[in-house]
Amino acid sequence: MESQELDHLFSALAHPARRRMLDLVLEAPAISVKALASHFEMSRIAVMKHIKVLEECGLMLSRKEGRTRHLFFNPVPIQLVYDRWTTQYSAFWSERLADLKTRVETRAESEGNKSA
Amino acid sequence: MPDSAPSLFQVFIRGSLEAVWHEITRQDQPIPAFFNSQLHAGKLAPGSRIAMRTPDGNYTGVVGEILEIIPLKRFSHTFRFTNLEDPPCKVIYDLEQAEGGVKFTLTIVDLPVGTKTAKQMVQGGKMIVSTLRSVIETGKPSFGTRMLFVLFKLMQPFSPKACRSENWPIDEA
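Chains A and B supply the protein sequences, listed in that same order.
Going left to right, the first sequence walks through residues 0 to 115 as numbering that gives the first Met the number 0 numbers them.
Going left to right, the second sequence walks through residues 0 to 172 as numbering that gives the first Met the number 0 numbers them.
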């Protein structure tokens, strides 16, 4: 993931109202903007602004049907974050384990040579 | 909207429409984004039956029928796991040119509510699109996904007999 994508994603998640919106959309896929807004005290305009931020980072998708906009949670950006770090850390640990294996085996070999 | 809402998975891929289309319709080698299974189909045309088989061809994990083929734009087919008795669902792959790449969306509809199929599809959807992006952008799936393929290979002999490919013949192209 590129740095800018990560910035957008984490700043979108760094707001309690937006996280709550994602929870609600996840619980009720295809929820309408109106139904989502009814869970919040803020104005409809403010809700729309939050939705826009979530859409821009890809966490929320919308589909229009007639005059109603239905909202969906998109788990892919979070999957990409997971992939990014598990890949790096997995690579880190596999390198360490490979080092350990080489050192232990080299030592065992030299000790084996001594005793022979 | 119907009772079971569709599940959507979307990713932006830095690559061409042609590369993405080729990757999801190729029959010459296993497709990492499809859990490293190989697509077998008759003609790539509506009505053709398809099967997603293991790289050695011995087992078939998924069968379906092509619903729509619009080159570089949409590929849609019915989808049924061979080891489950659940009714089929539909998958739709949409490609859309965007600035600097392709917007790729997987939509899963008619998921039978509360079934194993529904659970597996929702889990699998994000892996399909994130692996596709990784393959197009870097040439290979992520490290974790590659490890998963090794595991699949090890587990293959334990697949149920119902999944053996002779039970799922199709008219090969």
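These aren't lab readings, by the way, just hints derived from the structure by calculation.
Errors might be hidden in some of the hints.
Here are the computed lysine to aspartate or glutamate pairs in the EDC-like style, where the Cα-Cα straight-line distance is at most 20 Å [to be verified]:
hint, chain 1, residue 1, chain 2, residue 2
1, A, 51, A, 64
2, B, 72, B, 93
3, B, 139, B, 64
4, A, 63, B, 85
5, B, 102, A, 22
6, B, 160, B, 17
7, B, 102, B, 27
8, B, 89, A, 4
9, A, 63, B, 27
10, B, 102, A, 26
11, B, 115, A, 55
12, B, 72, B, 95
13, B, 160, B, 85
14, B, 118, A, 22
15, B, 115, B, 27
16, A, 51, B, 98
17, B, 102, A, 54
Here is how each hint holds up against the structure:
For the suggested pair residue 51 of chain A and residue 64 of chain A, the alpha carbons sit about 18 Å apart, so the restraint of at most 20 Å is met. Taken as a hint, the residue 72 of chain B and residue 93 of chain B pair is honoured in the structure, with Cα atoms around 6 Å apart against an allowance of 20 Å. A threshold of 20 Å between alpha carbons decides the hint, and for residue 139 of chain B with residue 64 of chain B the separation of about 28 Å lies outside it, so the pair is violated. Using a Cα cut-off of 20 Å, the hinted pair residue 63 of chain A and residue 85 of chain B is violated, with the two alpha carbons roughly 30 Å apart.
Taken as a hint, the residue 102 of chain B and residue 22 of chain A pair is broken in the structure, with Cα atoms around 24 Å apart against an allowance of 20 Å. Of the supplied pair hints, the one linking residue 160 of chain B and residue 17 of chain B is violated, its CA atoms being roughly 37 Å apart against a limit of 20 Å. Restraint check for residue 102 of chain B and residue 27 of chain B: not satisfied, since their Cα atoms lie roughly 25 Å apart, outside the 20 Å limit. Straight-line distance between C-alpha atoms of residue 89 of chain B and residue 4 of chain A comes to about 30 Å, which puts the hinted pair past the 20 Å bound.
Using a Cα cut-off of 20 Å, the hinted pair residue 63 of chain A and residue 27 of chain B is violated, with the two alpha carbons roughly 38 Å apart. For the hint pairing residue 102 of chain B with residue 26 of chain A, the CA-to-CA distance comes to about 25 Å; that exceeds 20 Å, so the pair is violated. Pair hint residue 115 of chain B plus residue 55 of chain A does not hold up; C-alpha atoms about 32 Å apart against a cutoff of 20 Å. At most 20 Å may separate the alpha-carbon atoms for a hinted pair to count; residue 72 of chain B and residue 95 of chain B meet this at roughly 7 Å.
Pair hint residue 160 of chain B plus residue 85 of chain B holds up; C-alpha atoms about 17 Å apart against a cutoff of 20 Å. Under the criterion of a C-alpha separation no larger than 20 Å, the hint pairing residue 118 of chain B with residue 22 of chain A is consistent with the structure, at around 18 Å. Proximity of residue 115 of chain B to residue 27 of chain B is assessed by CA-CA distance (about 30 Å); at most 20 Å being required, the pair is judged violated. Of the supplied pair hints, the one linking residue 51 of chain A and residue 98 of chain B holds, its CA atoms being roughly 19 Å apart against a limit of 20 Å.
For the given pair, residue 102 of chain B sits about 13 Å from residue 54 of chain A by alpha-carbon distance, which is consistent with the 20 Å threshold.
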